[in-house]
Each structure stands twice: as C-alpha cells, then as structure tokens.
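Listed here are the chains, written in short residue letters.
Protein chains: 2
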Amino acid sequence: MKAVTCTATKLEVVERPAPALEKGHLLLNVLRCGICGSDLHARHHADEMADAAAAAGYDGAMRLEQEVVLGHEFVGEVADHGPGTRKSIRAGTPVVAMPVVRTRGAAHPVGLSVAAPGAYAEQVVVQESLTMPVPNGLRPELAALTEPMAVAWHAVRRGQVKKGQVAVVIGCGPIGLGVISMLKASGVRTVIASDFSAGRRALAEACGADVVVDPATESPYASLKDHGYYTKVSTLLELAIDSMAKLRRLPLPWWHVFRAAEALGAMPDGPVVFECVGVPGVIDEIIAAAPLVTRVIVVGVCMAPDQIRPSIAINKEIDLRFVIGYTPKEFRDSLHMLAEGKVDGAPLITGSVGLAGVENAFNALGDPEKHAKIMIDPRSDATQP
Amino acid sequence: MKAVTCTATKLEVVERPAPALEKGHLLLNVLRCGICGSDLHARHHADEMADAAAAAGYDGAMRLEQEVVLGHEFVGEVADHGPGTRKSIRAGTPVVAMPVVRTRGAAHPVGLSVAAPGAYAEQVVVQESLTMPVPNGLRPELAALTEPMAVAWHAVRRGQVKKGQVAVVIGCGPIGLGVISMLKASGVRTVIASDFSAGRRALAEACGADVVVDPATESPYASLKDHGYYTKVSTLLELAIDSMAKLRRLPLPWWHVFRAAEALGAMPDGPVVFECVGVPGVIDEIIAAAPLVTRVIVVGVCMAPDQIRPSIAINKEIDLRFVIGYTPKEFRDSLHMLAEGKVDGAPLITGSVGLAGVENAFNALGDPEKHAKIMIDPRSDATQP
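These protein sequences, in sequence, are chains A and B.
Residue -4 is where the first sequence starts when you use our numbering, and the numbers rise one by one after that.
Residue -4 is where the second sequence starts when you use our numbering, and the numbers rise one by one after that.
In case anyone wonders, no lab produced these hints; they're calculated from the structure.
Quick caveat, the model's predicted, so the values are computed rather than measured.
The beta-carbon is built from N, C-alpha and C at its ideal position, and this holds for glycine as well.
Hints are not guaranteed to be accurate.
[To be verified] Over 12 angstroms on every C-beta distance to chain A, these chain B residues come out as not near it, computed from the model:
1) Lys(-3)
2) Leu6
3) Val8
4) Pro135
5) Gly182
6) Arg184
7) Pro300
[As the list claims (entries may be wrong)] Only part of the chain B face toward chain A is listed, based on derived beta-carbon distances under 7 angstroms:
8) Arg304
9) Ala308
10) Phe357
From just these sequences and the hints, can you work out the full model?
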C-alpha cells in the first residue's frame, strides 16, 4: 500500500507492505485523514515533543530521525478483522477510531509513534475496542473531524462554561475554530474570537463566533467590563463592604446573612478564555489583560519554557487549566454531534489533496489567510489543496 | 496611642493621635495581632507587592518609603462607634473584622496601605459591616487566627478536595499549617505535608498531617502511586483500550457503554497539591513531579516572574489555581470553626511580644525551626518572643 513517510523533516510517498494485524486490531481502508497542527510541528520538532511526552510518562513518541507515517484524524472503511476481535462491525462499514493502538504489548498513539503508523496512507490499523461506526451517513470529510472536534469538546467541558458566561477564544486555527463551534453547540450565548488573520476571523464567524476581534487594533478583553466582569481588585473590596452592609440591614439571622453574601456572589464568576495559540508569552499576556477570576483553558501547545507572573495571577485569582486529548465518551459525543448536525465542521475544511499533495498541503497551511484544515484523500490524485 | 510604624524597612514604636472615625467605622482596642508572612515581605519588598496589586487594579498598596502601620490579623474590643453605624455590637465586645476599610470614599486593605493603618497598635479602625463578634469565649490569640485560617479555608475550598482524594501540602509555614488544619477539619483522609525544617514538620503533625516528608531525602509525591494515582500517560492509553474492551463485552446498548466509560473514570481524578512556599521554580517542580491530572492550588505568593513548562503541564492535564483572600462567608466560617473547636489553631502560635518586641519577632521568624506564628499583644511589655 501507498503511504507518506516523514523522516528527518522529509515527506515522501512510498510503497509499504500491507500492515500485519495483532490481537484486537482492525484494518481500515482510509477514506480521509486531516492534517493536524501537531503533524506540522512534529515534522520539525518531534524530539522536543517526545521529550515532553517522556516527562509525562510516555516513552514511545516519534523522534525526528525515525521514519514515521503521520495521521491521527481519520475515517475509514473496515477492511479486515484481526485475531481475537468481536467482528461486530462488518467489513465495508465506515468507522472512526480513537487513535490509540496496542502493538507488541504496549499502547501507542496512532500517527505520532513509529510503533503505530498513521493514516497518511491507504490503510491504517486501529484498536477494535476504540472503533465506532459513522452514523447518519455523515460525509467522510466531516467524520474525519471527529478527532479534532473531540479535542475542542474536551477543552470546552474542562472550561465548565455556563451558558451566560462569556467565552473568549484566542487564536482561530482549527482547534480555536473547533472550540468556537463546540461552545455555540453547548449553548454559550457570547463567544468572542480573536485572531490577527482576517481569513481566520471570517472562519470564526462562520463557526458561530458572536464577536470577532483583530488583536492588532482592539483588545479581546475590552468589552468584558460591559458584560459585568470585574477588572479591578479595588471593586471587590468595595463590594465586600457594601454587600455586607446591605445584607445586615435585612431582617435575617446572622448565619443567613453570610449564606446570602456568598449566594450574591462575593466571589463572582469571571469569563473563560481559551488559549489556542501555543507560543511563549501568550499565557502571561492573558494573565495581565484578563478580568479577575478568569479561567484560562490552555489548549495551544507551547513547547518552549514559558514565563508567567504568579503575583498577578494570584491577585486576580486566575485558573490555568492545561488540557490534552479527550475521553472515549467525548470522542463519541464529537462524532454524534457532527452526525446529528449539532456542530457544523464544514467551515473548517479549506482544501483536499491526495497522498502526493501532502507536502504542498503542509506548505499551504503556513498561510492562515488561505487554509485551516486540509483533508488527505488517499484515492485522489490532487497535488494542490 | 502607641503603634509600630514601618518606614523604608525600619520598624519603630511611635506615639500617634487617636484615629478619627468616618461613616460606618468602628474603633477597636487591639487585643492581639498576628505577624503575617506578607508583613515580613512588605517590610522589604513593598514596591514589588504594590506593583502586582496595581496590575490587578488596586492602586493604594503601601510603598517602601511610606510610613505604614502593618497588621491585618487582629482581634479587638469595640471602643467606639463612628457616625452612621448601627451600633448592634456593644462597646467592650470582642470582635474580629475582615481587614478592609473605606476611608475618604475608597476601600483599602487594613495594614497594607498607608490609607488604612493596621493593628500593630493599641487601636485600629474597622468597617462595621465586616465586623463579627467572637463567639464561645474564644481566646483572643486563637480569634486572631481567623484571618490566616480564612486564607487557608479559601484555598481548601478552591481545591475542591474530595474526602478520599489525597492532598499534598508543600511548605509548612503558617499558611501551609492552616491548610493542613482545614483539610483535616473538612474530613480529607490523607494529608501529606512536606518541609525542609524538622520543626515545621513537627508542627505539621500537630496540625493533623497524616504523613510528613523531608523533601531533602524523599519526594512528597513518591507514595501517590500507591494511592492509585496515574503517573504515566502510557497507563491512560492502556486504560482507554482495556476499559472500552471490557465495557463492550457487557450486554449494554452502545450509548450506555460510553456513559459507563466516563463513570468508570476514563479521565481519573488526580491528587490536590497546595503550593505554600512562594519562591520561583516551585510551580514547575510540582508540574514535573506530580501525577497526571494534579490540581495545584497556588497559595504561596511568588513575587518574581517564574518559568513553567506548559508542554509538560499539558501532557499531564495539570490545573493551576491561583488563590488570594477569602469571601465574607469564608471569614465567618473560619472564626466559627475556631470557636467551635473544629480546627485547633494552638499549634501555630509559637510566641508573643509587646509592641516593643515586634522587630525581635520579625528577626525570630527568619528561623523556621523556632517559630511559625508570633502574636503581638499591645498591652504586653515582652520584647522577646
């Protein structure tokens, strides 16, 4: 079968033997595979990524000099069942799978380890237990968004955004766009999106952002004061005095006064900010510019060490929640939200290529005005996205 | 009245005029005032602290060259009622108060601003609406712990520690000891405490820590694996495959399989770590050494810029929650937990001085083997803690 390998930054279409199936494996004929920002990053910085994964207890991530097949955002048709499988999903059924596979006794991430080749290929091996049929005749290119949309859905869930709370999305790459879509799908009324690129801002609007901001001319946090969020510690000091004075005038027992003080929000909610950029300095910028009690969901993967000012974060009671991946249920939710039309992934997809066009697609993704998500169709001959 | 002023790091007992009361003020005769780590820090680094407060929207914090009366952890007897007060608390009643006061139209933190002199003095001005009678005849030195214990209680509440979840307290100064006490008071079964000082470790045990660790010889995180916490991303990958395979063997509809997967903890809880040190590098050390999905409550105030590695925090799904202060209800809870004996503050108090002994007390607090919390009793002549 044909596959695109990445070896020391070089992308190449090669002929590879058909994959051997181990216990619990399924073989898929790939229908589509999305190109992820992690793939672009891994091409050049695999070693730093592998070091970070090793620090968190996974030793098998791809290294720059290894010959690896990338691709973890895929949809395919079941082509073969390995030994010890339940065969409940018949050959020919279109499926998606969480990109994790056990091979030679250890679990590896598909498309980010030499041990588990990915879906920049005509065929890919997946784990039967993590495979799910695509429902409702969902188009393959939309089904292939299950994985990145699951990342976004996990981030939104970790953000615990209330419907009336304002969400701010910093960076409108594919993950930022996915976060916007998922926030709107979960009923959040006001989503502010920020990106330097006009093209990306247009996509953010297409994904449902209520306000789009060019951070070169306007702060994405400027309007938060109008939404009632506190921007000054001094306001909280005033609030403590005044709310307690008011409550003590009520004919309530002592104890109830304090219950009421808490219920009235002596410690109010802040907005939820999604950091979807992942370059050094962005977290500290958010800490410095955001209102009090802001919850920051760090989705963008900053590989370099980064500097923050804890004293400002403390004075503002900032939360930083770092997120990665998703649970099996979130992956399943993402698939079904796409299949039921609760989220529309179509605006994200800006191009498509065959295996021979992968290198051109990687280059095209360097320009945020033109592209967000490019799909690989292994049956296509297209070389330009 | 006598007061201790701090001017350009110099502490001095001076005679000051009796404070003037504005609308809503009470005057207290100070019974006790605790010396806080912030006071020690403010003596030398007030300007950095004021800059951090200004960045979070409070401009009135003390500056190094100003003549300031420190002291925000106090108990006193009501001596006088200002204009426009309700006078529901009679003269002579022992009270504590949240250290926030409005003067000349703006709210200021008592004892950390030149506008609101603190309780290193015979008398202090407080806001009636934030004042609470001391119940149950609680001894003054314990009532004076209401404020630092409220800081600890707020941190514990922001930690949302479940009773079966393991809590780790890094640094056993007064706030770390308060956090340990509050964790045990709220029923958390296993509290691990870590400090380089043998004296502080003994106090941690007295406050209820179940395990004490000298980080020079043993990692405070070493035993967490035995408590079932995951330390390796690879374990989570294995878990996803195996838990889904098991669930799919059950006679359940598709949908329930995923519900069950989530309920079974595909994304498990981690431990909760309280950072009560506040020097550069500690947050990154915790990120590097803690298990997956650890929630870090940053209570220690690190004034310098600090470096973290977001890529490791992301791979581990770390939460960093920065905390400061407390709500009025948390302050009230703290007072009542002390008064009802639900927390015992006595182990924290290691000494007492009069106003003339404040400088000696500051010096003595430099040695963690000897002292944790020193109380100032303005009626005492003691000069050595």
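If we take the beta carbon of B:Leu6, is the closest beta carbon in chain A still more than 12 angstroms away? B:Leu6 clear of chain A: closest Cβ-Cβ about 24 angstroms, beyond 12 angstroms.
Next on the checklist: If we take the beta carbon of B:Gly182, is the closest beta carbon in chain A still more than 12 angstroms away?
Outcome noted: Fine: 20 angstroms to the nearest Cβ keeps B:Gly182 off the interface.
Worksheet entry | Beyond 12 angstroms from each Cβ of chain A, as asserted for B:Val8 | 29 angstroms, holds
Exercise. Compute the least Cβ-Cβ separation between B:Arg184 and chain A, then decide whether it is above 12 angstroms.
Key: 26 angstroms, holds
A cut-off of 12 angstroms on Cβ-Cβ distance, and B:Pro300 was said to be off the interface with chain A. Does that hold?
Contrary to the label, B:Pro300 does not stay out of reach of chain A, its closest Cβ about 5 angstroms off (not over 12 angstroms).
#### Entry: Status of the stated non-contact between B:Pro135 and chain A (beta carbon gap over 12 angstroms)
21 angstroms, holds
Using 7 angstroms as the Cβ threshold, decide whether B:Phe357 counts as touching chain A.
22 angstroms, violated
Q.
Quick check on B:Arg304 please, does its C-beta sit within 7 angstroms of some C-beta on chain A?
A. 5 angstroms, holds
Status of the B:Ala308 interface restraint (C-beta, 7 angstroms, chain A): 4 angstroms, holds
Open item on the list: Confirm or reject: B:Lys(-3) is not an interface residue toward chain A, with every Cβ-Cβ distance exceeding 12 angstroms.
Closed with: Given that every Cβ of chain A is farther than 12 angstroms from that of B:Lys(-3), nearest at about 28 angstroms, it holds.
The earlier numbered hints that this structure contradicts are 7, 10.
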